[in-house]
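Those letters in the sequence shown? Residues 1 to 221, by UniProt numbering.
Derived by calculation from the structure, the hints in this document are not laboratory data.
Treat the hints with care, as some may be off.
As the list claims (entries may be wrong) - Listed next, with one range per pair, are the computed distances between beta-carbon atoms:
id	residue 1	residue 2	range
1	Gln-26	Thr-195	55 to 63 angstroms
2	Arg-57	Gly-136	12 to 20 angstroms
3	Pro-62	Cys-190	42 to 50 angstroms
4	Asp-18	Ala-126	53 to 61 angstroms
5	Gln-26	Ser-214	35 to 43 angstroms
6	Cys-190	Leu-17	33 to 41 angstroms
7	Asn-51	Asp-18	20 to 28 angstroms
8	Gly-82	Asn-139	44 to 52 angstroms
9	Pro-62	Leu-176	51 to 59 angstroms
10	Gln-201	Thr-130	52 to 60 angstroms
11	Ser-5	Leu-121	45 to 53 angstroms
12	Glu-146	Arg-94	16 to 24 angstroms
13	Glu-167	Leu-27	53 to 61 angstroms
14	Gly-182	Gln-26	41 to 49 angstroms
What the hints assert, rightly or not - Listed below are the simulated DMTMM-like cross-link pairs for lysine to aspartate or glutamate, each with C-alpha atoms no more than 20 angstroms apart in a straight line:
id	residue 1	residue 2
15	Lys-61	Asp-37
16	Lys-61	Asp-207
17	Lys-131	Glu-19
18	Lys-115	Asp-92
19	Lys-115	Glu-152
20	Lys-115	Asp-164
21	Lys-93	Glu-154
22	Lys-47	Asp-92
23	Lys-115	Glu-193
24	Lys-119	Glu-167
25	Lys-131	Glu-152
26	Lys-131	Asp-92
27	Lys-93	Asp-111
28	Lys-115	Glu-146
29	Lys-47	Glu-19
30	Lys-131	Glu-154
31	Lys-93	Glu-174
32	Lys-131	Glu-178
33	Lys-119	Glu-146
34	Lys-131	Glu-117
35	Lys-119	Asp-92
36	Lys-93	Asp-164
37	Lys-119	Glu-19
38	Lys-131	Glu-167
39	Lys-93	Asp-18
40	Lys-119	Glu-34
Backbone N, C-alpha and C fix where the C-beta goes; we use that ideal spot for every residue, glycine too.
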Amino acid sequence: QVLGSALYLVRIPTMSLDEFANGAAQLGILTQQETIDMFLHFTAHNKPHLNYPTKARTGLKPQVCHRFQSCAYRSNQWRYRGRCDSIQFSVDKRIFMVGFGLYGSSNGAADYSVKIELKRLGRVLAENNTKFFSDGSSNTFHVYFEHPIQIEPESFYTASAVLDGVELSYFGQEGLSEVTVGCVTFQFQCSSESTNGTGVQGGQIPDLIFYGPSTFASDEH
């Protein structure tokens with residue numbers, strides 16, 4: 001009675017059967033018929049009509065900042081010998097950094113180990129040691145931090161990656177010093193920590209993956 005009609009805004013059908021059976025079904029908030037109908041919704045081919053939303057929330061969608069206009073490979077580049085590929089960036093709105101996109105092997109499929117790192121004013125905000133499989137194409141391959149990292153506007157951060165694997169890979173070229181994604185504008189500048197040739201114009205770390213404001217607000221409830 002306290003919940004009233006607000007109860008019918010709860011997305012109970014989007015739970016798993018186990019979550020429903022061990023949770024909502026035992027709370028006494030549904031009528032006996034609603035409980036039966038909900039179990040039928042989870043298990044029967046012919047599902048009853050429900051007065052509850054059945055569509056799951058979409059949640060935040062990651063956005064990707066692409067800083068190169070093209071990529072290439074040559075027989076003597078891009079090589080990895082424990083050296084750091086690094087770039088500095090700033091944004092004009094608060095975002096949450098999720099991970100980076102990286103180029104992989106230009107000489108057939110290969111596995112890579114990589115350490116990714118995010119710094120501000122020399123202090124490490126996040127790092128992760130992970131692996132990715134490169135299928136030999138010029139696609140970028142996404143690697144992620146364990147948790148999103150809050151990025152404040154108008155301050156430069158350093159994105160770094162140290163790769164270990166097949167030495168010859170694709171690399172970006174025709175780099176942009178400014179990129180706008182949705183309503184967030186990124187500025188890029190070279191990093192003194194980059195010892196493997198990556199800079200604004202070319203190199204590694206072609207993608208920055210983030211959560212941030214989009215150009216339109218969702219009215220979903």
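Cross-check of the supplied hints:
no.	hint	verdict
1	Gln-26 / Thr-195: 55 to 63 angstroms	holds, 59 angstroms
2	Arg-57 / Gly-136: 12 to 20 angstroms	violated, 37 angstroms
3	Pro-62 / Cys-190: 42 to 50 angstroms	violated, 26 angstroms
4	Asp-18 / Ala-126: 53 to 61 angstroms	violated, 33 angstroms
5	Gln-26 / Ser-214: 35 to 43 angstroms	holds, 39 angstroms
6	Cys-190 / Leu-17: 33 to 41 angstroms	violated, 54 angstroms
7	Asn-51 / Asp-18: 20 to 28 angstroms	holds, 23 angstroms
8	Gly-82 / Asn-139: 44 to 52 angstroms	violated, 24 angstroms
9	Pro-62 / Leu-176: 51 to 59 angstroms	violated, 20 angstroms
10	Gln-201 / Thr-130: 52 to 60 angstroms	violated, 27 angstroms
11	Ser-5 / Leu-121: 45 to 53 angstroms	holds, 51 angstroms
12	Glu-146 / Arg-94: 16 to 24 angstroms	holds, 20 angstroms
13	Glu-167 / Leu-27: 53 to 61 angstroms	holds, 59 angstroms
14	Gly-182 / Gln-26: 41 to 49 angstroms	holds, 43 angstroms
15	Lys-61 / Asp-37	violated, 32 angstroms
16	Lys-61 / Asp-207	holds, 15 angstroms
17	Lys-131 / Glu-19	violated, 33 angstroms
18	Lys-115 / Asp-92	violated, 27 angstroms
19	Lys-115 / Glu-152	violated, 23 angstroms
20	Lys-115 / Asp-164	holds, 9 angstroms
21	Lys-93 / Glu-154	holds, 8 angstroms
22	Lys-47 / Asp-92	violated, 49 angstroms
23	Lys-115 / Glu-193	holds, 14 angstroms
24	Lys-119 / Glu-167	violated, 26 angstroms
25	Lys-131 / Glu-152	violated, 28 angstroms
26	Lys-131 / Asp-92	violated, 31 angstroms
27	Lys-93 / Asp-111	violated, 35 angstroms
28	Lys-115 / Glu-146	holds, 12 angstroms
29	Lys-47 / Glu-19	holds, 19 angstroms
30	Lys-131 / Glu-154	violated, 32 angstroms
31	Lys-93 / Glu-174	violated, 25 angstroms
32	Lys-131 / Glu-178	violated, 29 angstroms
33	Lys-119 / Glu-146	holds, 15 angstroms
34	Lys-131 / Glu-117	holds, 14 angstroms
35	Lys-119 / Asp-92	holds, 18 angstroms
36	Lys-93 / Asp-164	violated, 34 angstroms
37	Lys-119 / Glu-19	violated, 39 angstroms
38	Lys-131 / Glu-167	holds, 15 angstroms
39	Lys-93 / Asp-18	violated, 40 angstroms
40	Lys-119 / Glu-34	violated, 52 angstroms
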